[in-house]
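**Q** What follows is each chain in one-letter form.
Number of protein chains: 4
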Amino acid sequence: MSAETDRGNHGALRARIGRIIHDSDTPAGRHFDVWLIWAILFSIGLVMLESVDAVEVRFGTALRVMEWIITILFSIEYVLRLWTSKRPLRWAVSFYGVIDLLAVLPTYASVFLPGAQAVVVLRGLRLLRIFRILKLFNYVHEARVLLVSLAASRHRIIVFMLAVLALVTVFGTVMYLVEPKEAGFTSIPRSIYWAIVTLTTVGYGDIAPVTGLGQVIASGIMILGYAIIAIPTGIVTVEMARQSRNARNVVCGQCGAKDHSDDARYCRACGGAL
Amino acid sequence: MSAETDRGNHGALRARIGRIIHDSDTPAGRHFDVWLIWAILFSIGLVMLESVDAVEVRFGTALRVMEWIITILFSIEYVLRLWTSKRPLRWAVSFYGVIDLLAVLPTYASVFLPGAQAVVVLRGLRLLRIFRILKLFNYVHEARVLLVSLAASRHRIIVFMLAVLALVTVFGTVMYLVEPKEAGFTSIPRSIYWAIVTLTTVGYGDIAPVTGLGQVIASGIMILGYAIIAIPTGIVTVEMARQSRNARNVVCGQCGAKDHSDDARYCRACGGAL
Amino acid sequence: MSAETDRGNHGALRARIGRIIHDSDTPAGRHFDVWLIWAILFSIGLVMLESVDAVEVRFGTALRVMEWIITILFSIEYVLRLWTSKRPLRWAVSFYGVIDLLAVLPTYASVFLPGAQAVVVLRGLRLLRIFRILKLFNYVHEARVLLVSLAASRHRIIVFMLAVLALVTVFGTVMYLVEPKEAGFTSIPRSIYWAIVTLTTVGYGDIAPVTGLGQVIASGIMILGYAIIAIPTGIVTVEMARQSRNARNVVCGQCGAKDHSDDARYCRACGGAL
Amino acid sequence: MSAETDRGNHGALRARIGRIIHDSDTPAGRHFDVWLIWAILFSIGLVMLESVDAVEVRFGTALRVMEWIITILFSIEYVLRLWTSKRPLRWAVSFYGVIDLLAVLPTYASVFLPGAQAVVVLRGLRLLRIFRILKLFNYVHEARVLLVSLAASRHRIIVFMLAVLALVTVFGTVMYLVEPKEAGFTSIPRSIYWAIVTLTTVGYGDIAPVTGLGQVIASGIMILGYAIIAIPTGIVTVEMARQSRNARNVVCGQCGAKDHSDDARYCRACGGAL
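Residue numbers (this note's numbering), protein chains in the order written: chain A, 128 to 401; chain B, 128 to 401; chain C, 128 to 401; chain D, 128 to 401.
None of these hints come from the bench; they were simulated from the model.
Positions of the beta carbon are idealized from the N, C-alpha and C atoms, including for glycine.
Take these hints with a grain of salt, some might be off.
[To be verified] In silico lysine to any residue, SDA-like type, Cα no more than 20 Å apart, as pairs:
(1) LYS308(B) x THR338(A)
(2) LYS213(C) x HIS282(C)
(3) LYS308(B) x VAL179(C)
(4) LYS308(A) x ASP180(D)
(5) LYS213(B) x GLY138(B)
(6) LYS308(A) x GLU177(B)
(7) LYS308(A) x VAL343(A)
(8) LYS213(C) x ILE147(C)
(9) LYS308(D) x GLY145(C)
(10) LYS308(D) x GLU183(A)
(11) LYS213(D) x ASN136(D)
(12) LYS308(D) x ILE226(C)
(13) LYS308(B) x GLU183(C)
(14) LYS308(B) x VAL184(C)
(15) LYS308(C) x ASP180(D)
(16) LYS213(C) x ALA290(C)
(17) LYS308(C) x GLU177(D)
(18) LYS308(A) x VAL305(B)
(19) LYS308(A) x VAL337(D)
(20) LYS308(C) x VAL337(C)
(21) LYS308(A) x GLY341(A)
(22) LYS308(C) x LYS213(B)
(23) LYS308(C) x ALA181(D)
(24) LYS308(A) x ASP180(B)
(25) LYS213(A) x ASP152(A)
(26) LYS308(B) x VAL182(C)
(27) LYS308(B) x ILE344(B)
(28) LYS308(C) x HIS149(B)
(29) LYS308(A) x ALA181(B)
(30) LYS213(C) x ILE226(C)
(31) LYS308(A) x ALA310(B)
(32) LYS308(D) x ARG146(C)
(33) LYS308(C) x LEU176(D)
(34) LYS213(A) x LEU140(A)
[Said to hold, decoys possible] Pairwise CB distance ranges (calculated):
(35) LEU292(C) x VAL161(B): 50 to 60 Å
(36) GLU183(C) x GLU309(B): 49 to 59 Å
(37) LYS213(A) x LEU190(B): 47 to 57 Å
(38) LEU340(C) x ARG271(B): 27 to 37 Å
(39) CYS382(A) x VAL343(D): 42 to 52 Å
(40) LEU228(C) x ALA236(D): 54 to 64 Å
Let's have the full structure, built from the sequences with the hints guiding it.
**A** Below, the structure written as structure tokens:
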């Protein structure tokens with residue numbers, strides 16, 4: 128019986144920890160989420176600081192200590208997630224399971240792999256935990272509205288981007304033929320890279336046309352890029368306006384249709400009064 | 128009779144191949160289109176890779192072989208298109224007929240023209256086949272909506288672009304007079320090129336004002352460019368909103384209400400069937 | 128009597144030429160306008176080409192000859208405008224009167240002023256005639272719609288620009304204090320110039336922050352500039368949408384009020400049926 | 128009694144000066160505001176000019192004199208504000224109280240602190256008085272409309288900015304791993320700075336990718352940045368359109384129609400007086 132009680136306690140503890148870790152509804156769960164976000168941000172900050180030579184030289188030891196603390200905390204979290212998961216194996220190979228593992232492995236690996244550069248590269252994997260934070264965006268209403276607008280206009284945006292890719296391919300090749308290699312247009316892919324830099328109005332200036340004809344074509348690409356930015360803007364604005372108009376969110380009592388316009392008095396699907 | 132049957136078979140074959148090549152309605156036709164797109168993209172990729180020196184040195188022979196394969200395939204396609212065309216000569220001198228010919232000629236020409244540079248330039252012509260892919264955009268509903276919006280607002284966009292051209296001409300000339308030649312403002316066309324680079328917010332930095340007055344004028348151009356990008360954006364957004372609203376321009380037969388949503392079956396004002 | 132007839136003929140000729148020059152309603156007047164535009168564009172092209180050293184060296188004499196032809200034509204036009212004007216003196220000191228004079232003077236001045244640079248500077252004045260072309264934009268319906276939208280939202284755009292100016296002043300001064308002079312932040316006005324280059328997303332790169340703190344502040348300015356471009360865009364788009372909605376252009380038969388909304392059935396000013 | 132009258136006069140004077148300084152309703156108060164704005168702009172101009180070496184060398188003494196004049200005027204204003212304030216101590220430690228003190232202190236401090244650089248830094252504090260001008264924006268109707276639109280969409284803009292920050296963190300780290308340190312990607316924070324420069328389409332070019340893979344990723348960031356600028360634009364435009372529509376939220380008492388234009392006096396649907 129002692130073993131049974133033990134298992135029962137064990138099960139109750141597991142269920143309780145599981146609720147804290149997986150749910151955001153309870154106060155404890157919400158506290159856990161907030162602390163997790165701060166821990167992830169802190170660990171990301173650590174990775175960043177380590178990459179700065181001046182900081183690494185002065186505070187190297189302190190960074191190393193904090194890194195081990197955060198790694199051990201994340202390891203405990205990983206074990207608890209695995210333990211409280213209903214299907215531990217399935218979770219371990221899921222997207223977030225792999226990310227959570229990759230976040231702790233590099234520090235342990237650093238004991239065996241003394242190569243400095245390799246460890247930093249691996250440590251960068253910890254950054255993937257940012258997706259855990261991004262996942263929380265889904266719970267934010269405002270983020271959902273933006274994502275719905277983007278999702279609803281994704282077809283048009285993809286078509287627009289394909290057209291942009293076709294344009295920069297043509298313009299890049301033309302510039303490769305027109306400009307001398309000395310100006311930086313050493314190959315077609317590089318010229319296409321330049322065309323993207325120009326069309327999106329980024330304009331690094333690491334590659335820039337030097338011939339008259341090249342500058343005329345470049346001017347055309349710039350004005351084109353300046354004008355066609357109106358297209359994604361228009362797509363998203365119209366979609367957001369539609370979302371906003373439908374925000375009233377009246378559901379028809381008879382047929383359950385949603386998304387009626389602001390001033391609708393009758394359901395557009397069944398004709399019943401709203 | 129054998130000759131007649133032969134001609135009959137010949138005609139039937141021609142008609143069948145013609146349907147595959149020209150129509151997108153049949154499964155075979157759609158398969159042909161998809162394969163053609165991949166072949167064109169592959170051939171464009173080949174041209175790009177050949178222009179990269181590092182790739183050319185290592186995989187030159189392999190690229191050459193693949194190029195001959197794709198050229199022979201495109202040649203067969205060209206002959207079949209010519210053969211199945213109702214008016215072969217007219218097609219041969221049409222836009223797509225010329226492009227399809229230009230896509231295969233350079234490789235054959237490379238046998239006789241040993242000059243490396245000349246061949247690469249000619250091979251770039253194969254890129255023109257991208258227009259065949261762009262043509263397919265017309266069949267995509269989303270692309271049509273975008274093109275209709277652009278077409279409907281083309282007058283305003285042209286007027287806007289003319290105004291932009293007038294502005295950069297004036298600003299370019301002023302900067303040519305204000306800035307020293309050493310800063311890169313060596314001629315009026317070059318100064319206009321700089322003004323376009325600045326107004327469109329590309330900003331390479333290959334030419335940049337160095338005098339105080341020049342920087343004040345440049346600041347003015349930048350803020351202007353930052354503000355007037357609102358104009359094409361506004362034009363296209365309003366036009367897209369109109370297209371979206373008119374997407375289903377149904378007027379209620381009973382009460383005359385307009386602006387029903389896309390999927391409305393009953394009037395939102397009086398509840399009558401649309 | 129011969130003198131009187133002469134004066135009569137003289138007056139009739141003057142009136143006829145005046146109609147051709149000043150009106151755009153008659154076929155002759157329209158032809159004159161079109162020819163004038165081409166002549167101005169041609170003269171602007173001449174000024175541009177002369178500023179290019181390579182062209183000047185090779186085609187200097189030809190350019191000089193064409194310049195004298197265009198100057199003499201513009202001089203004749205100037206004299207005719209002065210002669211056919213109802214108040215010649217008033218026209219001569221008006222905006223377009225002065226511009227038309229400045230367009231011809233430099234060439235005559237070049238006979239007496241042999242300094243090459245000075246002449247080019249003066250010749251740039253001919254570019255001012257571009258305002259004559261811009262003036263024609265007023266007759267184009269599309270341009271008027273754009274100008275009406277801009278004019279209607281000018282107060283908001285001015286407020287926005289003042290806010291932008293205040294922002295770049297603050298950010299420029301902060302960067303002047305934060306960044307070393309070696310990075311290009313040699314004075315506050317120059318730092319403000321950098322802030323404008325950054326906020327408008329032009330980004331030349333001639334001046335760029337080198338310290339960590341400077342780059343953090345710069346990142347803030349960039350994201351701010353990236354976000355607040357939404358403001359002028361929003362202003363102009365909303366205004367254009369309003370213009371477009373009011374385009375129906377029904378005038379109330381009772382009170383003459385305009386700008387009714389699309390679906391208005393009664394006048395908003397007097398309540399009468401439209 | 129003389130002391131009492133004195134106190135009475137004193138109190139009346141204090142009240143009168145207080146009204147001039149604090150209120151903008153009376154003509155005197157409005158005059159004071161306008162003069163104050165000019166004085167602040169003038170003092171900001173002085174600080175700017177002093178930072179320009181060429182100006183400082185030539186007009187140093189004149190600038191110094193004007194600076195003392197403006198400092199004494201601001202000191203008098205400070206004392207008067209303190210005196211007429213209902214709770215002098217509370218005002219002295221308030222935001223504007225501290226700013227007004229910081230605006231005058233540096234000049235007095237310059238007598239004791241001879242270090243040129245330190246004084247310039249301190250003098251930059253005077254720029255903080257620009258907030259007094261910005262405060263006046265609140266009184267301008269157009270600015271309020273813009274601020275209301277921004278305030279109403281602040282949640283969405285913050286979510287958007289957080290998403291942008293997450294994106295540049297991921298992209299910056301990836302580029303740090305991909306690109307060599309020689310190209311400028313010396314640390315993760317610096318690579319994130321580059322990602323911000325690229326995503327916002329500023330594109331200085333002080334750091335630019337040199338490897339093929341790096342340029343492919345950079346191209347992705349650019350196209351992303353080019354497309355997602357549509358999001359803040361869409362947010363603000365939709366919000367402004369809503370503000371504009373609600374500008375006069377009158378509902379017709381007879382038929383319930385909404386969305387009347389700004390200056391409507393009669394319902395567009397039933398013709399009834401609003």
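**Q** Now tell me, hint by hint, if it's right for this structure.
**A** Hints versus structure:
1. Our distance criterion of 20 Å between C-alpha atoms is met by LYS308(B) and THR338(A), whose separation comes to about 17 Å.
2. For the suggested pair LYS213(C) and HIS282(C), the alpha carbons sit about 37 Å apart, so the restraint of at most 20 Å is broken.
3. The hinted pair formed by LYS308(B) and VAL179(C) meets the criterion: a straight-line CA distance of about 11 Å does not exceed 20 Å.
4. Of the pairs offered as hints, the one joining LYS308(A) and ASP180(D) is violated, with about 42 Å between alpha carbons and a cut-off of 20 Å exceeded.
5. The hinted pair formed by LYS213(B) and GLY138(B) meets the criterion: a straight-line CA distance of about 12 Å does not exceed 20 Å.
6. Straight-line distance between C-alpha atoms of LYS308(A) and GLU177(B) comes to about 15 Å, which keeps the hinted pair within the 20 Å bound.
7. Distance restraint check for LYS308(A) and VAL343(A): the Cα-Cα separation of roughly 18 Å lies within the 20 Å cut-off, and the hinted pair is therefore satisfied.
8. For the hint pairing LYS213(C) with ILE147(C), the CA-to-CA distance comes to about 14 Å; that is within 20 Å, so the pair holds.
9. In summary, the hint linking LYS308(D) to GLY145(C) is not supported, as the alpha carbons are separated by about 72 Å, beyond the 20 Å threshold.
10. Distance check on the hinted pair: LYS308(D) and GLU183(A) sit about 16 Å apart at the alpha-carbon level, within 20 Å; holds.
11. This hinted pair checks out: LYS213(D) and ASN136(D) have alpha carbons roughly 17 Å apart, not beyond 20 Å.
12. As the CA atoms of LYS308(D) and ILE226(C) are separated by approximately 56 Å, the hinted pair breaks the 20 Å bound.
13. A C-alpha spacing of about 16 Å is found between LYS308(B) and GLU183(C), which places the hinted pair at or below 20 Å, so the restraint holds.
14. Simply put, LYS308(B) and VAL184(C) have alpha-carbon atoms about 17 Å apart, close enough for the 20 Å limit, and the pair holds.
15. About 11 Å separates the Cα atoms of LYS308(C) and ASP180(D), which keeps this hinted pair within 20 Å; it holds.
16. For the hint linking LYS213(C) to ALA290(C), the alpha-carbon distance of about 46 Å lies beyond 20 Å, and the restraint is violated.
17. In summary, the hint linking LYS308(C) to GLU177(D) is supported, as the alpha carbons are separated by about 15 Å, within the 20 Å threshold.
18. Distance check on the hinted pair: LYS308(A) and VAL305(B) sit about 32 Å apart at the alpha-carbon level, beyond 20 Å; violated.
19. Using a Cα cut-off of 20 Å, the hinted pair LYS308(A) and VAL337(D) holds, with the two alpha carbons roughly 16 Å apart.
20. Restraint check for LYS308(C) and VAL337(C): the C-alpha separation of about 11 Å stays at or below 20 Å, so the hint holds.
21. Pair hint LYS308(A) plus GLY341(A) holds up; C-alpha atoms about 12 Å apart against a cutoff of 20 Å.
22. Taken as a hint, the LYS308(C) and LYS213(B) pair is broken in the structure, with Cα atoms around 74 Å apart against an allowance of 20 Å.
23. Proposed proximity of LYS308(C) and ALA181(D) is supported: the alpha carbons are some 15 Å apart, at most 20 Å.
24. Proximity of LYS308(A) to ASP180(B) is assessed by CA-CA distance (about 11 Å); at most 20 Å being required, the pair is judged to hold.
25. For the given pair, LYS213(A) sits about 19 Å from ASP152(A) by alpha-carbon distance, which is consistent with the 20 Å threshold.
26. Between the alpha carbons of LYS308(B) and VAL182(C) the distance comes to roughly 16 Å, so the proposed pair stays at or under 20 Å and holds.
27. Restraint check for LYS308(B) and ILE344(B): the C-alpha separation of about 17 Å stays at or below 20 Å, so the hint holds.
28. The straight-line distance between the Cα atoms of LYS308(C) and HIS149(B) is roughly 67 Å, outside the 20 Å bound, and the hint therefore fails.
29. Between LYS308(A) and ALA181(B), the direct Cα distance comes to roughly 14 Å. Compliance with the 20 Å bound is thereby established for this hinted pair.
30. Taking the CA atoms of LYS213(C) and ILE226(C), the gap is near 18 Å; set against the 20 Å cutoff, the hint holds.
31. Taken as a hint, the LYS308(A) and ALA310(B) pair is broken in the structure, with Cα atoms around 23 Å apart against an allowance of 20 Å.
32. For a cut-off of 20 Å, the pair hint linking LYS308(D) to ARG146(C) is broken: about 71 Å separates their Cα positions.
33. In summary, the hint linking LYS308(C) to LEU176(D) is supported, as the alpha carbons are separated by about 16 Å, within the 20 Å threshold.
34. With a C-alpha separation of about 14 Å, the suggested pairing of LYS213(A) with LEU140(A) holds against the 20 Å cut-off.
35. The beta-carbon spacing between LEU292(C) and VAL161(B), approximately 55 Å, falls within the hinted interval of 50 to 60 Å.
36. The hinted window of 49 to 59 Å between GLU183(C) and GLU309(B) is violated, with their beta carbons roughly 18 Å apart.
37. The hinted window of 47 to 57 Å between LYS213(A) and LEU190(B) holds, with their beta carbons roughly 53 Å apart.
38. The given range of 27 to 37 Å is broken by LEU340(C) and ARG271(B), whose C-beta atoms sit roughly 51 Å from each other.
39. For CYS382(A) and VAL343(D), the hinted distance range of 42 to 52 Å is satisfied, since their beta carbons lie about 50 Å from each other.
40. Taking 54 to 64 Å as the suggested C-beta distance range, the pair LEU228(C) and ALA236(D) conforms, at roughly 57 Å.
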